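Asker: Chains as they are written, first to last, in the working numbering: chain L, 116 to 449; chain C, 116 to 449; chain D, 116 to 449; chain E, 116 to 449.
None of these hints come from the bench; they were simulated from the model. Given the structure is predicted, the values throughout are model-derived calculations rather than measurements. Where is the CB? At the ideal position from N, CA and C, for every residue including glycine. Incorrect hints may have been included.
As the list claims (entries may be wrong) - Partial selection, computed: residues in chain E whose CB lies under 10 angstroms from chain D:
no. : residue
1   : G131
2   : F361
3   : A385
4   : G402
Protein chains: 4
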Amino acid sequence: MIIVLRSGESASEVEGLLSDAGAEYRRLVLYDRDLVVAWPERSVPAEKLTNHPAVEAVVKAPGAYQLSSRAWKPDDTKVSFGGAVFGGGYVSIIAGPCSAESREQVLETARHVKKAGAHALRGGCWKPRTSPYSFQGWGPKALEWMAEAREETGLPIVVEALSTDNVPLLEAKADCIQIGARNMQNTPLLRAVGKTGKPVLLKRGFGNTIDELLCSADYVMLEGCGSVILCERGIRSYERSTRFTFDISAIPVLKKKSHLPVIADPSHPAGDKSLVEPLALAALAAGADGLIVEVHAWPEKALSDSKQQLTPREFQELMEKARLLVEALGRRMP
Amino acid sequence: MIIVLRSGESASEVEGLLSDAGAEYRRLVLYDRDLVVAWPERSVPAEKLTNHPAVEAVVKAPGAYQLSSRAWKPDDTKVSFGGAVFGGGYVSIIAGPCSAESREQVLETARHVKKAGAHALRGGCWKPRTSPYSFQGWGPKALEWMAEAREETGLPIVVEALSTDNVPLLEAKADCIQIGARNMQNTPLLRAVGKTGKPVLLKRGFGNTIDELLCSADYVMLEGCGSVILCERGIRSYERSTRFTFDISAIPVLKKKSHLPVIADPSHPAGDKSLVEPLALAALAAGADGLIVEVHAWPEKALSDSKQQLTPREFQELMEKARLLVEALGRRMP
Amino acid sequence: MIIVLRSGESASEVEGLLSDAGAEYRRLVLYDRDLVVAWPERSVPAEKLTNHPAVEAVVKAPGAYQLSSRAWKPDDTKVSFGGAVFGGGYVSIIAGPCSAESREQVLETARHVKKAGAHALRGGCWKPRTSPYSFQGWGPKALEWMAEAREETGLPIVVEALSTDNVPLLEAKADCIQIGARNMQNTPLLRAVGKTGKPVLLKRGFGNTIDELLCSADYVMLEGCGSVILCERGIRSYERSTRFTFDISAIPVLKKKSHLPVIADPSHPAGDKSLVEPLALAALAAGADGLIVEVHAWPEKALSDSKQQLTPREFQELMEKARLLVEALGRRMP
Amino acid sequence: MIIVLRSGESASEVEGLLSDAGAEYRRLVLYDRDLVVAWPERSVPAEKLTNHPAVEAVVKAPGAYQLSSRAWKPDDTKVSFGGAVFGGGYVSIIAGPCSAESREQVLETARHVKKAGAHALRGGCWKPRTSPYSFQGWGPKALEWMAEAREETGLPIVVEALSTDNVPLLEAKADCIQIGARNMQNTPLLRAVGKTGKPVLLKRGFGNTIDELLCSADYVMLEGCGSVILCERGIRSYERSTRFTFDISAIPVLKKKSHLPVIADPSHPAGDKSLVEPLALAALAAGADGLIVEVHAWPEKALSDSKQQLTPREFQELMEKARLLVEALGRRMP
C-alpha cells in the first residue's frame, strides 16, 4: 500500500503506526511526492493512517504492484535523459547495434542514427546469451566505445546490465541502464540498478505476464528510482513464423495500468528485418512512447542477430514514416 | 504445384501428362488466368510440363499452400463487394453488431456505422458458441434484418456460415460469407463456401498457425473462388490481460507470403472496448487492408460480447483516426 | 441447470414452470435418470423447481458445462462397446493405423493389435488434413475394410466423422464415432453425432481449454447421448521439440471436473515414436481410463504420420508395460 | 566442440592448435575424462585435432549445447549426495517445505519426510518472488534450520541460490544447490554455482525451451561441475486450469538428448495439491529419475504456496505408490 504524505509533514508517526502493526515499510521520495510504501496489506492499519493528519491518501493499487500503478499517480510519467523524452505526449527513438562490436562499428552506426534523427544510442557491451559458446560481448572496452560515440554525436547511451558486477561501471558511464528480458525477474539486479537512481529501461521477459513486468518495475522503484521505461519485446507462443510473438496489446494495457512510459522493441520479435518497420509503426499507432531498434552500419558482418538489424538507410526510412504517423496521431518527437 | 497455361491454349495435353503420371489435378480460372493445380508434388512431371508449349509457368510455392501464395502471383489481389474494396492500396472497414439481435438493433446500428463511413455491415445470424446454453443466433430471421439494413443503407453485408446447411441461404442473401475462427479447419465448410464463388472472409483459428490459415484459403480457392480475405483475430497465449493475444506480426507476414488481402478484427482479442482503438490503428499501421469491428447501437444490452462492442460515437472517433493514419501512410479508403 | 426428476414422476409441470419463466429446456434420459436441462440460468425458477414434488434435485454445475459435470453425477461413468470398457476402474486400449490405407494394411494391423491385447481398432477413413493436397482418406471403401477387420478379429471399431455427411454411414457401421481435434467446436457435427446415441470419442482441440472440451461434451450429451469418452491429445505451446505439448494435467483435472471417462492419445503429441511409450505410461499413471495409439503393420509405408506409428512389436511391448503399471496402481484391463 | 583426450596425454599441443586457429577453449576433467571444450565451431580445426595422437575423439553435438549432450557421453550420468542417487536406474525423492519458515516447521517436516522414505530435504531460504511485497525468505537463519534438520535426520539438504551473494554460504552448508526457474538464464549465477563443484539442481524456466535448459546446464558444466540434475517444473501455456502446464514430454526428450539425470517438480505446475500425486506418478512412469515435492508439516499455515504443499500423510501415500510404480517398471529407490 502507498501512503502519500502531505507536503512538509513528518513521517515519523506514520512509521510508528506501521511498526506497531508489524508491517514492513520503506520511505521514498518519488516525483516530488513523499511516500511510505508498506506491506503486507493485512498488517497495514489503513483506517488509522487515512485519518492521520500527516497523510494525504492511502492507496491500495489493484494487483501485486503498487508504485508502478496508475492508482496512486493518474498522470503520465515522463522519463528523459540527454535530450530523449519518453511519455507525456513525447516519443523518442533509441537505435544502434545489437552488440558493440568494434570502435569503428559503434562510431559509424552512431553517426548514421544521429543523422536519421534518433534520440539515443543502444549497444550491448555484456551480452546475455543462451549458449556459453556464443559471443558474450566485449565488456568495459565496448562501454568506452559507446562513451566515445556519445562524445562525438551527443546521443545519450543505453547499455544493458548483465549482472550486479556491471552496475558500478554503468552507473558511471551510461545514461540509461537496460534490464534485458532474461533478467526481468533477477531481483538482486533490479534492486542494484534501482539504487543507482539512473533511468532504467526494463524489458518484459518472453515468458512473463504484463503484471509480472509491473511487479519488477516496483522492485526498481522501491529503491527510490522513478525513471523506469517499460518495454514490450515479444513473448513466446506456438506461432513459428516470427522469432517471438509481439504482444501489441501490452502497450495499451500497460499504459492503462501504469503511469510509466512504454516503448517497444520491434527487432527481437521480428527476427527478420522486413518485419521491423510494420511492427515499429504498429507500436507507435498503439500508443508506444518510443522504440528501441537494432541498426548496424554493416548488418551482414554482425556478431549477433545479423538478420534483424536495419541498415542506416532502412532506419532512415523508418524514422520518416514514424514521424509522420506520430504527428498524424497528435504526439511529437523532441 | 500450379501450372499456369498460356492464354487461349488447351489444357488437355497437360491433363493427359498429369493423369499418366498418377497425379491428381484441378482446372481453375482465377484472376483471369487459366490454371491447373496438381498434387502430390512427387507425382507431377514438372520438367515435361515446363517445356510444354501450352504452359507458361510451373510454380511450386514453398510450404503446403499453393493458390494463396505470392509465389505464382506477385501482385496484390483486390477483393471488392458493394463498394467495399480490400487490398491493392485500398482499406475498407466492416462494422456492426456481434449478433443480429433484433430488427431495430440491426437497422439502427447500420445507420450509425454508415454515417461514420463504414464500407460494409457485419452481424452474426448463426453464432458458434462454446456452450450449448449460450445464445445461438436468430438464424434466417436475422439474415432478413441484415438484408433490410442493406436495402436501407446501401452497405453490403458480411455474415458467418456456421455449417454447410447455411450456405445456400447465405449464397442468396449475403455479399460476403465469413468463416469463423472455430471453423477455419472445417474443410467441408471451406469447400462449400468456395463453391459459391462469393467473396469469403476467412478468420484465423485461435490455435492455428499462419501457414495453416493459408492452407485453409487454398481449400476455398481450389473450388474456384479467388475472392478470399484473410483475417487475424488473436491467438491463444499465456498472457491473461487480454481475451486473446492479437498477433500483429501476422499481418506483414501474411502480406509477404500471400497475394490475398489481410484485415484485422481488433474486437475479439481486446475483449474490452478500451483496447479496440489502439489495436485497430496498430493493425492499419502494420499494413492491414481493412478492419472488422464490433459496433452496437446499445452495447450494454448486447446478447453476446457486450464488453467489446463500441458505441456508435466511439466507432466514429475510430473512423476519423483510422482515416488520418491510412492517408498519412499513403493508402486510401474508397 | 439440471433438474433431476423423481423416478416415475411426470415432467409436465416442471416444463410448464420453465415455459412460463421464459427458459429453454430439453428433456433427457441419461444413465437411467430422468432429467430436464434448462437455460439460461437467470430464467430458471430454481426455488420453485427445488420445492416441486416431482423434482429430486436442481443442480447448477460450476462453469458453462452442465451434463458432463460431476456436480450432478458424482460417480464415474463407464462407457463400453464390443468388449472395450473405459472408466470406473477399467482401462482399455484402442490401437490401429492413422489412416485405413488398404484392405491388407487394415487387416494385418488389426490381427497384430488384437494379438497384443488391444480392445478396439482405430483407422481413419475420412482424414481432416491441413492441406487440400494431402491424402484425404479412402472414405466408404476404407470403412468396409474396417468392418471386415472387426468381423475377423472381433475388435470393435472407432472411426472419425469429418462431416455431418459421414454420420449415417458411421452410425450404421462403426462401434464408436470419433470427433477429431479440429472439429471439437464444430457444433453441427457434435449435435449430429450425439443424435446417433452411439459411443463418442471426443478429442480436445489443440487450441482449446479443458472447460471448452467439457462444453463440447455437453453439445453431444444434450442430444441424449451419455456415452462420451474424452481424449487429451496435446495442445499448442512454444516448445518445439515435440509436435504438440501433451497436457498430462488435463487427465486428473478432467477426472475431477467430469464423470466421463478420459483417455489419452500419446501418438499425436509425440510426433516421434520413441516418445509414445513414455507418454502412454505417464497418461495411465496420471489416471487415464485408456489409450488410443497409432500402430501400423508397416509404418515406413504409411501415407500419413509415418514417424509416430508404432510397429506391432513396439505396441506389444507397450501393452506389457501398460498392463503391469495399471495393475500396480489397482485398476484393470478387461 | 568437445575434444576428448586419450588418458594420460598432454593437452598442450591441442591447446596450441586451438590458439593458433583463433578458437576459445577450456580444459576440464569431467567423469574422469580429460576434455578440451572449444568454440566457436568455425574456428576449431576439427580435422587436425581428430588426427592428433593425443586425441581420442572430437565431437560436435547437434544443437547449441555440448557438455550436457549424449553425443559425447552415451551412458547415463548418476548424481549422488548424502544417500540420494539420481539416474542410472536410481530414483530419489526430495521433499520439504516451499520456504523454511521456522526452526520448528523445518525440523518437524524433515522428520515426517524422512519417515516416509524421502532421500533429501528441500526448503527455500532466499525466495525469488514476483512481488517485492511478498515474503522473501529468512536467509542465513533459515539455512541454519535446514542444516540442523540434516544433523537430526541424516537427510542431505537442497537449497536455492537466489544470487551470487548466496553462493559461498550455500557452498559451505548445502549438499545440493538449486537454480530456480526464474534464474535458469542468469548466466553469472550459473557460472558461480558451477565453480563450487557441488551438485546442482537446475530447474527449467517457465518460458524456456528444452534446448535452452541444456545450454544453461553447459554454463554450469563448463566451470568443471559434472553433477547437474535437470528438473521439469511446468511451462506457460494458454490453459488456465493449472498454474503451469507440466511438460511431461520434456522428461523423455531430455533423457534422449542428455546424459544428465532428469527429475520433476509436480507441485508448481499443479498449484493445487490434489494434482500432485497424479503428476508425480506420471513423471516417474515417463522415466524421471526423481521428484522434488513440496511437503509442509502444517500446509494451511504456509507463508507461500500453501495450496500446493502436501501434508505428511499425503506425502506418505504418494511415496508408497511411487515405490510400487518405480519397481513395476524395473528401477529402484536407494
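Asker: Hint by hint, note whether the structure agrees.
Answerer: Structure-based check of all given hints:
A least Cβ separation of about 38 angstroms between G131 of chain E and chain D goes past the 10 angstroms threshold, and the interface hint is therefore violated. The restraint placing F361 of chain E at the interface with chain D holds, with a minimum CB-CB distance near 5 angstroms, inside the 10 angstroms limit. With 10 angstroms as the threshold, the beta carbon of A385 of chain E comes within range of chain D, its nearest partner Cβ sitting at about 7 angstroms, so the hint holds. Nearest Cβ of chain D to the Cβ of G402 of chain E: about 5 angstroms, under the 10 angstroms cut. The hint holds.
Checked against the numbered hints given earlier, the structure breaks only hint 1 and satisfies all the rest.
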